[in-house]
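The listed protein sequences derive, respectively, from chains A and B. For the first sequence, numbering that gives the first Met the number 0 begins at 0 and goes up steadily by one. For the second sequence, numbering that gives the first Met the number 0 begins at 0 and goes up steadily by one.
Hints listed in this document are in silico derivations from the structure and should not be mistaken for laboratory results. Since the structure is predicted, the reported quantities are computational estimates derived from the model, not experimental observations. Just so it is clear, CB atoms sit at the ideal spot from N, CA and C, and this is done for glycine as well.
Calculated lysine to any residue pairs in the SDA-like style (CA-CA distance at most 25 Å, straight line):
no., chain 1, residue 1, chain 2, residue 2
1, B, Lys155, A, Val337
2, A, Lys410, B, Ser40
3, A, Lys448, A, Tyr497
Simulated restraints, written as ranges between beta carbons of each label pair:
no., chain 1, residue 1, chain 2, residue 2, range
4, B, Asp87, A, Trp661, 37 to 43 Å
5, A, Val467, B, Phe39, 36 to 42 Å
6, A, Ile349, B, Thr83, 57 to 63 Å
7, B, Asp87, A, Glu640, 16 to 22 Å
8, A, Asp582, B, Tyr148, 36 to 42 Å
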Amino acid sequence: MLAEVGYLSLIIAFGISLYAIVAAFIGERNHTESMVRSARNAVLVAFGMVTVSTGALLYALMVEDYTISYVWSVTSPSMPEFYRATALWGSQEGSLLFWSFLMAAFAAAAVVLNWKSHRRLMPGVIVYTMAVLAFFLGVSIWVENPFVRWWLDSGAPEGQQVLQAVFQPAGTVQPTATRLAETANGLNPLLRHFGMAIHPPMLYLGFVGFLIPFAFAMAALASGDLSTNWIKASRRWTLTSWLFLSLGLMLGGRWAYDVLGWGGYWAWDPVENAALLPWLVGTAFLHSVMIQEKRGMLKAWNMALVLGTFSAVIFGTFATRSGLVESVHSFARSGIGVPMFLFWFGVTFISTAMALWRYNQGMLKDEHEFKSLFSRETLFVVNNVVFLAIFFAVFWWSFGAPIVSELFFNKVVTYGEAHFNQYLWPLLLALYVLMGIAPLSAWGYTSVKRFGKAILIPVILSVVSLGVFFMMGMTDVLSLVGYWIVLLAGWVAIYETYRGFMARQKIHNENPLQTVAALLQRNPRRYGGYLIHLGVTIIGIGIIGSTVYQAETQQTLETGESLEIGGYTLTYHRLDTGLVSSDGRIIDRATLTLSRNGREIDVISPRRDFFPESEMNTMTIADAHSSLENDFYVLLVGWEEISTQRATFKVYINPLINLVWWGGIVLIVGTLAASWPHAILPVRVRETMRKGREQ
Amino acid sequence: MTDTTWEKPKVEGKQLPKSNRIQFILAGLILLGAVAYLIFSGTITGGQYFLTVDEVVNNPEYEGRSVRLSGAVLGDSIVFDAETLSLDFSIVHIPSEFDNLAETLHDAVNNPDATQINVHLDNEVIPDLLQHEAQAILTGTLGEDGVFYATELLLKCPSRYEEAVPGQSIVEGQ
Numbered sequence: 000m001l002a003e004v005g006y007l008s009l010i011i012a013f014g015i016s017l018y019a020i021v022a023a024f025i026g027e028r029n030h031t032e033s034m035v036r037s038a039r040n041a042v043l044v045a046f047g048m049v050t051v052s053t054g055a056l057l058y059a060l061m062v063e064d065y066t067i068s069y070v071w072s073v074t075s076p077s078m079p080e081f082y083r084a085t086a087l088w089g090s091q092e093g094s095l096l097f098w099s100f101l102m103a104a105f106a107a108a109a110v111v112l113n114w115k116s117h118r119r120l121m122p123g124v125i126v127y128t129m130a131v132l133a134f135f136l137g138v139s140i141w142v143e144n145p146f147v148r149w150w151l152d153s154g155a156p157e158g159q160q161v162l163q164a165v166f167q168p169a170g171t172v173q174p175t176a177t178r179l180a181e182t183a184n185g186l187n188p189l190l191r192h193f194g195m196a197i198h199p200p201m202l203y204l205g206f207v208g209f210l211i212p213f214a215f216a217m218a219a220l221a222s223g224d225l226s227t228n229w230i231k232a233s234r235r236w237t238l239t240s241w242l243f244l245s246l247g248l249m250l251g252g253r254w255a256y257d258v259l260g261w262g263g264y265w266a267w268d269p270v271e272n273a274a275l276l277p278w279l280v281g282t283a284f285l286h287s288v289m290i291q292e293k294r295g296m297l298k299a300w301n302m303a304l305v306l307g308t309f310s311a312v313i314f315g316t317f318a319t320r321s322g323l324v325e326s327v328h329s330f331a332r333s334g335i336g337v338p339m340f341l342f343w344f345g346v347t348f349i350s351t352a353m354a355l356w357r358y359n360q361g362m363l364k365d366e367h368e369f370k371s372l373f374s375r376e377t378l379f380v381v382n383n384v385v386f387l388a389i390f391f392a393v394f395w396w397s398f399g400a401p402i403v404s405e406l407f408f409n410k411v412v413t414y415g416e417a418h419f420n421q422y423l424w425p426l427l428l429a430l431y432v433l434m435g436i437a438p439l440s441a442w443g444y445t446s447v448k449r450f451g452k453a454i455l456i457p458v459i460l461s462v463v464s465l466g467v468f469f470m471m472g473m474t475d476v477l478s479l480v481g482y483w484i485v486l487l488a489g490w491v492a493i494y495e496t497y498r499g500f501m502a503r504q505k506i507h508n509e510n511p512l513q514t515v516a517a518l519l520q521r522n523p524r525r526y527g528g529y530l531i532h533l534g535v536t537i538i539g540i541g542i543i544g545s546t547v548y549q550a551e552t553q554q555t556l557e558t559g560e561s562l563e564i565g566g567y568t569l570t571y572h573r574l575d576t577g578l579v580s581s582d583g584r585i586i587d588r589a590t591l592t593l594s595r596n597g598r599e600i601d602v603i604s605p606r607r608d609f610f611p612e613s614e615m616n617t618m619t620i621a622d623a624h625s626s627l628e629n630d631f632y633v634l635l636v637g638w639e640e641i642s643t644q645r646a647t648f649k650v651y652i653n654p655l656i657n658l659v660w661w662g663g664i665v666l667i668v669g670t671l672a673a674s675w676p677h678a679i680l681p682v683r684v685r686e687t688m689r690k691g692r693e694q
Numbered sequence: 000m001t002d003t004t005w006e007k008p009k010v011e012g013k014q015l016p017k018s019n020r021i022q023f024i025l026a027g028l029i030l031l032g033a034v035a036y037l038i039f040s041g042t043i044t045g046g047q048y049f050l051t052v053d054e055v056v057n058n059p060e061y062e063g064r065s066v067r068l069s070g071a072v073l074g075d076s077i078v079f080d081a082e083t084l085s086l087d088f089s090i091v092h093i094p095s096e097f098d099n100l101a102e103t104l105h106d107a108v109n110n111p112d113a114t115q116i117n118v119h120l121d122n123e124v125i126p127d128l129l130q131h132e133a134q135a136i137l138t139g140t141l142g143e144d145g146v147f148y149a150t151e152l153l154l155k156c157p158s159r160y161e162e163a164v165p166g167q168s169i170v171e172g173q
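All chains, please: the whole structure from these sequences, using the hints.
If you want it as structure tokens, here you go:
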């Protein structure tokens, strides 16, 4: 029943999204308002149908309907409810359906929220969002169907008795419920982690959200309304998507840090890089779009960036879902590879062609010229060049060079983590330099004298605060240079915010909180942006600390014995084997105490979990004593089988690692501040502001 | 607010002088040149060949060079000394192109004629995924003794989560 409901609503949603495209197109062409309105309603119905379909699969997961092969392959009777629900995106078919659901939700929200304010762009927005949605629904219907069920054909030769189909094939019976429950796979143990449960939806929201700015840009190109309308309409969508994408990337890093052990959070793996690529172009766009709003410049460039961001989203989806990244030839391994590639090519080709067409008509001409090398707009362009340089480097080393070498030289060349770290740091540091100087530069032309005056205090503050790191024993010269540049960017953000704060305090008689609210209200992107810069500074400090100053050791300890590292003493007390947890895993756990200067500060319990129901059956789970200063990270490596007296541990000290996560939180708060400006104002004031803007 | 004074364009309306345009072009060329150099030099020096066991064993020119190597793990060969964190195992050849990873790995470990190579890693905690029929992707160098000294080890276990013909276990009586 659930399979039929889910599958049929998918097909209906597909048909309706096609209808919406046609209706919006005809309505716009013939200026038939009722047709355009009908297209809008179709968008909402399509969203409703995808919701029903996704709901059916979710319900099937919750009620353990193992007749559906997707449910059978990602859950098992012993799984807790939380992971049962998150198994919706645990594997390809479900996650594609979930992806379509989010996409339909974004499209519906964009149409509803922007209907009045951007009516002229709406037909185009409907056409492009629904075209993309229809593609993904088509993939779910014909290639990666989440609703196929198991059927047994006892008359068939051995090895071919099990069939997969949505509807019952002739001559088959449904397998018994008990047999299905016994054999159900369960979710890959590596994915049973809170971060992994919420990392994919965040990443998908970020990916899918960029559909809306893309659709607005395409609608602008199609309609010829290339004023700042499309940028105004898509501004908040872009920030929201960027927020989710950033959150998704950080949660992925956190998951790797916790689950994959070894204290790493970013390995420059092609799959990770595929998710980073749209973030890089999107971040470049968020910066350069301000130049267009303030100065009417870089119109063609912004158009290229917003189209490029979505192209990167589709490329990333294609690269990670098709298996492209291991080898070009694994292309064919998943049925999704060829359609995804063609779709990516189509999206890129059509959008490029549209942009070139309007460009040749002179509709993307800038209103001002660049006047000085040292101006805010020039520095923003440099910022864009650096972001795109990182984009091309990451793309080329992850995908370009390996594919080219295999196709033309018949040899696969790959680039590892060390390579990325070695070659990308100059570009990353350049971004921090720009973050320090660009906010202090003026539009048009910056006088050196003024700039010197503005940067003096942040420079002093950064040198003083550098002393703190020196005192902590971080004396490597290169890392100190890195710290200094990163700190300067942070102090510029803090000092500029402080200046704005003081200037307003002088004029208005209000309490400090009111001033902060008013600053964010009046200039959300400036102060939200500074907060984001501060977050990125904190992340930078964490990255330098944890990569340059990581310390490690390993030792075999008898019970009662201790090891010393970095001023800490770690004492091994006992090992408990064979503990059974509620979800059926068997746990072997060591108990150690950590002390510093003779005082016990924490109990640490690294463990090894054994999953009897799964083939991929053991998981080493580290435990850490976590503080702002560092993570004291302990892994249980092994013990003697006969007695549990001796056990071996591997210990890492990751200095300042937690700043990476805390900086991430500051970045998220900053993005929220930049994108949610009106929430704190009364409706009356908002109305006046809206009227003011529309005049 | 103080920043409003900052944002007043100072030279609005003036024509862009020619010398300025040359400045922009020069600065742009230097920037793009630096970026291009970085990416180009990185591409030339940083790449590692991704090889099969056959290629490494039969081509002595790879000896001493940092390469990546992929093969199927032989479960019986895994020796791990927890006290010294030294890890040894053998992998057998798998082709660089295949349709089904699980099947390829299964065939490789059961083929007595497949080329084998011994792998050694130091200072490595034994990975949870290191087991019979896993795909090992190693980064390291081939030593003169014919042992592959790896510094990095990635593993893939397609067995259960990517079955060749899924669902066979459902048939009763297996």
